[in-house]
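Number of protein chains: 2
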Amino acid sequence: MSDNNLVISVDAMGGDNSPRIVIEGLAIAAKKNPDIKFLVFGDEVKVKDEMKKFPFLHKVCTICNCIEVVHNEDKPSQVIRNKNTSMYQAIDAVRRKEAKAVVSAGNTGALMAISKMLLKTIQKIHRPAIVSFMPHRHGKYVMLDLGANTECSAVNLAEFAIMGNILAKKALGVEKPKVALLNIGAEEMKGKEEIRQAAQMLKNSSLNMDFIGFIEPHEISFGKADVVVADGFTGNVALKSIEGTAKLMRGMIKDAVKHSVLSWFGLPFLFFAIKKISKTMNPKLYNGAMFVGLNGLSVKSHGGADGFGFSVALNNAANLVRQDFVNTIRNELESVDLDEVSQDIFYEVY
Amino acid sequence: MSDNNLVISVDAMGGDNSPRIVIEGLAIAAKKNPDIKFLVFGDEVKVKDEMKKFPFLHKVCTICNCIEVVHNEDKPSQVIRNKNTSMYQAIDAVRRKEAKAVVSAGNTGALMAISKMLLKTIQKIHRPAIVSFMPHRHGKYVMLDLGANTECSAVNLAEFAIMGNILAKKALGVEKPKVALLNIGAEEMKGKEEIRQAAQMLKNSSLNMDFIGFIEPHEISFGKADVVVADGFTGNVALKSIEGTAKLMRGMIKDAVKHSVLSWFGLPFLFFAIKKISKTMNPKLYNGAMFVGLNGLSVKSHGGADGFGFSVALNNAANLVRQDFVNTIRNELESVDLDEVSQDIFYEVY
Numbered sequence: 001m002s003d004n005n006l007v008i009s010v011d012a013m014g015g016d017n018s019p020r021i022v023i024e025g026l027a028i029a030a031k032k033n034p035d036i037k038f039l040v041f042g043d044e045v046k047v048k049d050e051m052k053k054f055p056f057l058h059k060v061c062t063i064c065n066c067i068e069v070v071h072n073e074d075k076p077s078q079v080i081r082n083k084n085t086s087m088y089q090a091i092d093a094v095r096r097k098e099a100k101a102v103v104s105a106g107n108t109g110a111l112m113a114i115s116k117m118l119l120k121t122i123q124k125i126h127r128p129a130i131v132s133f134m135p136h137r138h139g140k141y142v143m144l145d146l147g148a149n150t151e152c153s154a155v156n157l158a159e160f161a162i163m164g165n166i167l168a169k170k171a172l173g174v175e176k177p178k179v180a181l182l183n184i185g186a187e188e189m190k191g192k193e194e195i196r197q198a199a200q201m202l203k204n205s206s207l208n209m210d211f212i213g214f215i216e217p218h219e220i221s222f223g224k225a226d227v228v229v230a231d232g233f234t235g236n237v238a239l240k241s242i243e244g245t246a247k248l249m250r251g252m253i254k255d256a257v258k259h260s261v262l263s264w265f266g267l268p269f270l271f272f273a274i275k276k277i278s279k280t281m282n283p284k285l286y287n288g289a290m291f292v293g294l295n296g297l298s299v300k301s302h303g304g305a306d307g308f309g310f311s312v313a314l315n316n317a318a319n320l321v322r323q324d325f326v327n328t329i330r331n332e333l334e335s336v337d338l339d340e341v342s343q344d345i346f347y348e349v350y
Numbered sequence: 001m002s003d004n005n006l007v008i009s010v011d012a013m014g015g016d017n018s019p020r021i022v023i024e025g026l027a028i029a030a031k032k033n034p035d036i037k038f039l040v041f042g043d044e045v046k047v048k049d050e051m052k053k054f055p056f057l058h059k060v061c062t063i064c065n066c067i068e069v070v071h072n073e074d075k076p077s078q079v080i081r082n083k084n085t086s087m088y089q090a091i092d093a094v095r096r097k098e099a100k101a102v103v104s105a106g107n108t109g110a111l112m113a114i115s116k117m118l119l120k121t122i123q124k125i126h127r128p129a130i131v132s133f134m135p136h137r138h139g140k141y142v143m144l145d146l147g148a149n150t151e152c153s154a155v156n157l158a159e160f161a162i163m164g165n166i167l168a169k170k171a172l173g174v175e176k177p178k179v180a181l182l183n184i185g186a187e188e189m190k191g192k193e194e195i196r197q198a199a200q201m202l203k204n205s206s207l208n209m210d211f212i213g214f215i216e217p218h219e220i221s222f223g224k225a226d227v228v229v230a231d232g233f234t235g236n237v238a239l240k241s242i243e244g245t246a247k248l249m250r251g252m253i254k255d256a257v258k259h260s261v262l263s264w265f266g267l268p269f270l271f272f273a274i275k276k277i278s279k280t281m282n283p284k285l286y287n288g289a290m291f292v293g294l295n296g297l298s299v300k301s302h303g304g305a306d307g308f309g310f311s312v313a314l315n316n317a318a319n320l321v322r323q324d325f326v327n328t329i330r331n332e333l334e335s336v337d338l339d340e341v342s343q344d345i346f347y348e349v350y
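Chains A and B, in that order, give the protein sequences. Counting in the numbering used here, the first sequence tops out at residue 350, every number present. Counting in the numbering used here, the second sequence tops out at residue 350, every number present.
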């Protein structure tokens, strides 16, 4: 595997039904991404056993034997000291430049802690962020930070906006993404100090970005912005509120139909309508939270994802690796000095 | 109107189609609450004209003529200086103890500013909060603060929990409400400092409260708690995310059905199922954000509400007035010294 530009390393042992789910996901993703090679870290015997069902995988996968595993209850402070786990080794492959991205369905805190320690933040980026692609009325949007940083400064938020802008261009194919800061009002004086300052910074900066100001949470789902920026606490609250409400409504529709025998007769007629909604709102299609801002890409699959869900996380990683996402961020940041912009704001505000 | 225990004052001129909508709402609410009397503040000619449709209203309404009106674009700093508006006069009736609560569909910022200035916070309550009743899987819950305070201390959050607990008992009829703090994780060490401190305070206090710890945003809609407590920024983000997603999904279902001719045939069969969902999730049923923590109750109806929606806000006010909500909070607080509890926490943490 000489061309590591298109190599993804995979933690085969993370998640609820590993390595079975991981190998099933690899089988789907390998067919969809014939240009990508995979380094598979995990228990060689178990991994090979699962691969028997997909013999073609041997052509694109290299198995790297690791007996130890990071468990869900392990603390970040412990896992960063054990170099022998499949997760640690999979991430270290990115540090060693043998792969461009790592995908794991294991312990989130552990994945973040090891990724941060081994890959380090990109120069000029102060804090990495968790990003996800989400569905809105007419397509998808990029949302960050979803929980890596509970509190954020204006500079942090501005950096997230820059990374989100690149992600929307590269991964969603939006030519000129509309970038917005999540806030509880549209007026300039509304919300928190750091959000207002970040807005000033993005407006005054020389960035080539379509910054549209503030977005309110109820506007997100209607596609007003392609990139929604928040601190990790607020982003996590918005994400989980959206997911919880979508789940509630799906459940209510199911229940209401189940308890009305008459409505069973209507279901066949609704087949295409229901199929269309599922196709847009299916959470599996949005699996794979990306940890961005590091020298390498780290992607977290949901621990309970099935093979198809895991393949979506692998596809996301493949897309960004193909677009050389990390170097694109580096280049973009070379032309802008956020610290300088933030200094201007500082003098203006006080 | 000698017994002002059951009097509600109404700003007839607030909202998009006032006073028509307000009078329509009064007509519905008056029938449902024959024990309540209303003081109606607004342009006497217009109000009387609208009342022609509902002559029985004259028995329970006293019209107080006010020519001036608070407009949507008026700033709080202006409106608190003009005593002649219908909104100011309606709130002042509560200060003068002529009414126990005020309901308005006008400018939110103005309503909050005048209410705060005239009614003042209850002794021992540091900050008032905006509260709403929301639908979950099996019933309703109380959520606060929804936007009155962008940043909150642990003491503020604990006070919101106390007020929310009383609201759930009095207005929702829950005997022993489960009270939770909104956070991004269930573990004790997760989230923001002030939330963790508030949790400590509520655990250690002598309050007669079923405090169940942290709740995550996706758990809210499934009825895990009867009272959800957050700072105003976070609460507003969660509320608007929930509302936006519910609106998106309703729209998607409608669209999907509209664009599939075949599915039209299924609709009659689904009539009862759809009716049941609308009955639970209809936003009109949850109209009326209450401003609590003041010496008197101030209720804000949505500016775009129709007559039925406005009547829901009036019903909420009537319920709480009947239960003597403000005095219940005062009595509850007499037995607890939150400042003392917070001192203990302070020494423990630092």
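Careful: at least some of the hints might be erroneous.
As the list claims (entries may be wrong) - A short, non-exhaustive set of chain A residues, derived as facing chain B with CB atoms under 8 Å:
1. Val45
2. Gly147
3. Ser206
4. Gly213
5. Phe222
6. Val237
7. Lys247
8. Asn282
9. Pro283
What the hints assert, rightly or not - Simulated crosslink set (DSS-like; lysine-lysine; CA at most 27 Å straight-line):
10. A:Lys284 with B:Lys254
11. A:Lys224 with B:Lys140
12. B:Lys224 with A:Lys254
13. A:Lys120 with B:Lys140
14. A:Lys116 with B:Lys284
15. A:Lys140 with B:Lys254
16. B:Lys75 with A:Lys254
17. A:Lys116 with A:Lys59
18. A:Lys75 with B:Lys178
19. B:Lys203 with A:Lys190
20. A:Lys178 with B:Lys140
21. B:Lys254 with B:Lys170
22. B:Lys116 with A:Lys192
23. B:Lys247 with A:Lys284
24. B:Lys170 with B:Lys190
25. A:Lys247 with B:Lys178
26. A:Lys192 with B:Lys170
27. A:Lys247 with B:Lys190
28. A:Lys31 with A:Lys48
29. A:Lys116 with B:Lys116
To be clear, the hints were calculated from the coordinates, so they are not data collected in a lab. As the structure is a prediction and not an experimental result, all values here were calculated from the model. Virtual Cβ for every residue (Gly too), placed ideally from N, Cα, C.
We went through each hint and held it up to the structure:
The criterion of a C-beta within 8 Å of any C-beta in chain B is not met by Val45 (chain A), whose closest approach is roughly 35 Å, and the hint is violated. Nearest Cβ of chain B to the Cβ of Gly147 (chain A): about 6 Å, under the 8 Å cut. The hint holds. The beta carbon of Ser206 (chain A) is not positioned within 8 Å of any beta carbon in chain B (closest approach about 30 Å), and the interface hint is therefore violated. A hinted interface residue such as Gly213 (chain A) counts as satisfied when its beta carbon comes closer than 8 Å to some beta carbon of chain B; here the least separation is about 16 Å, so the hint is violated.
The interface hint given for Phe222 (chain A) is met, as the beta carbon of that residue sits about 7 Å from the closest beta carbon of chain B, less than 8 Å. Interface hint status for Val237 (chain A): upheld, as the beta-carbon distance to the closest one in chain B is roughly 5 Å, under 8 Å. The beta carbon of Lys247 (chain A) is positioned within 8 Å of a beta carbon in chain B (closest approach about 7 Å), and the interface hint is therefore held. A hinted interface residue such as Asn282 (chain A) counts as satisfied when its beta carbon comes closer than 8 Å to some beta carbon of chain B; here the least separation is about 12 Å, so the hint is violated.
Violation of the interface hint for Pro283 (chain A) is found here, the shortest Cβ-Cβ separation to chain B being roughly 11 Å, above the 8 Å cut-off. Straight-line distance between C-alpha atoms of Lys284 (chain A) and Lys254 (chain B) comes to about 23 Å, which keeps the hinted pair within the 27 Å bound. At most 27 Å may separate the alpha-carbon atoms for a hinted pair to count; Lys224 (chain A) and Lys140 (chain B) exceed this at roughly 30 Å. For the hint linking Lys224 (chain B) to Lys254 (chain A), the alpha-carbon distance of about 20 Å falls within 27 Å, and the restraint holds.
Simply put, Lys120 (chain A) and Lys140 (chain B) have alpha-carbon atoms about 46 Å apart, too far for the 27 Å limit, and the pair is violated. About 47 Å separates the Cα atoms of Lys116 (chain A) and Lys284 (chain B), which puts this hinted pair outside 27 Å; it is violated. Restraint check: the Cα-Cα separation between Lys140 (chain A) and Lys254 (chain B) comes to about 20 Å, which is no more than 27 Å; the hinted pair holds. With a C-alpha separation of about 46 Å, the suggested pair Lys75 (chain B) and Lys254 (chain A) falls outside the 27 Å cut-off, and the hint is violated.
Between Lys116 (chain A) and Lys59 (chain A) the CA atoms are separated by roughly 31 Å; this puts the pair beyond 27 Å, and the hint is violated. Taken as a hint, the Lys75 (chain A) and Lys178 (chain B) pair is broken in the structure, with Cα atoms around 30 Å apart against an allowance of 27 Å. At roughly 33 Å between alpha-carbon atoms, Lys203 (chain B) and Lys190 (chain A) are farther apart than 27 Å, so this suggested pair is violated. Using a Cα cut-off of 27 Å, the hinted pair Lys178 (chain A) and Lys140 (chain B) is violated, with the two alpha carbons roughly 37 Å apart.
A threshold of 27 Å between alpha carbons decides the hint, and for Lys254 (chain B) with Lys170 (chain B) the separation of about 37 Å lies outside it, so the pair is violated. Note on Lys116 (chain B) and Lys192 (chain A): the hinted pairing holds, with a Cα-Cα distance of about 21 Å set against a maximum of 27 Å. Distance check on the hinted pair: Lys247 (chain B) and Lys284 (chain A) sit about 22 Å apart at the alpha-carbon level, within 27 Å; holds. The hinted pair formed by Lys170 (chain B) and Lys190 (chain B) fails the criterion: a straight-line CA distance of about 32 Å is larger than 27 Å.
In summary, the hint linking Lys247 (chain A) to Lys178 (chain B) is supported, as the alpha carbons are separated by about 22 Å, within the 27 Å threshold. Distance hint between Lys192 (chain A) and Lys170 (chain B) is unfulfilled; the C-alpha atoms sit about 33 Å from each other, more than 27 Å. The suggested pairing of Lys247 (chain A) with Lys190 (chain B) holds, with an alpha-carbon distance near 24 Å, which does not exceed 27 Å. Between Lys31 (chain A) and Lys48 (chain A) the CA atoms are separated by roughly 18 Å; this keeps the pair inside 27 Å, and the hint holds.
Straight-line distance between C-alpha atoms of Lys116 (chain A) and Lys116 (chain B) comes to about 47 Å, which puts the hinted pair past the 27 Å bound.
Checked against the numbered hints listed earlier, the structure breaks hints 1, 3, 4, 8, 9, 11, 13, 14, 16, 17, 18, 19, 20, 21, 24, 26 and 29; every other hint is satisfied.
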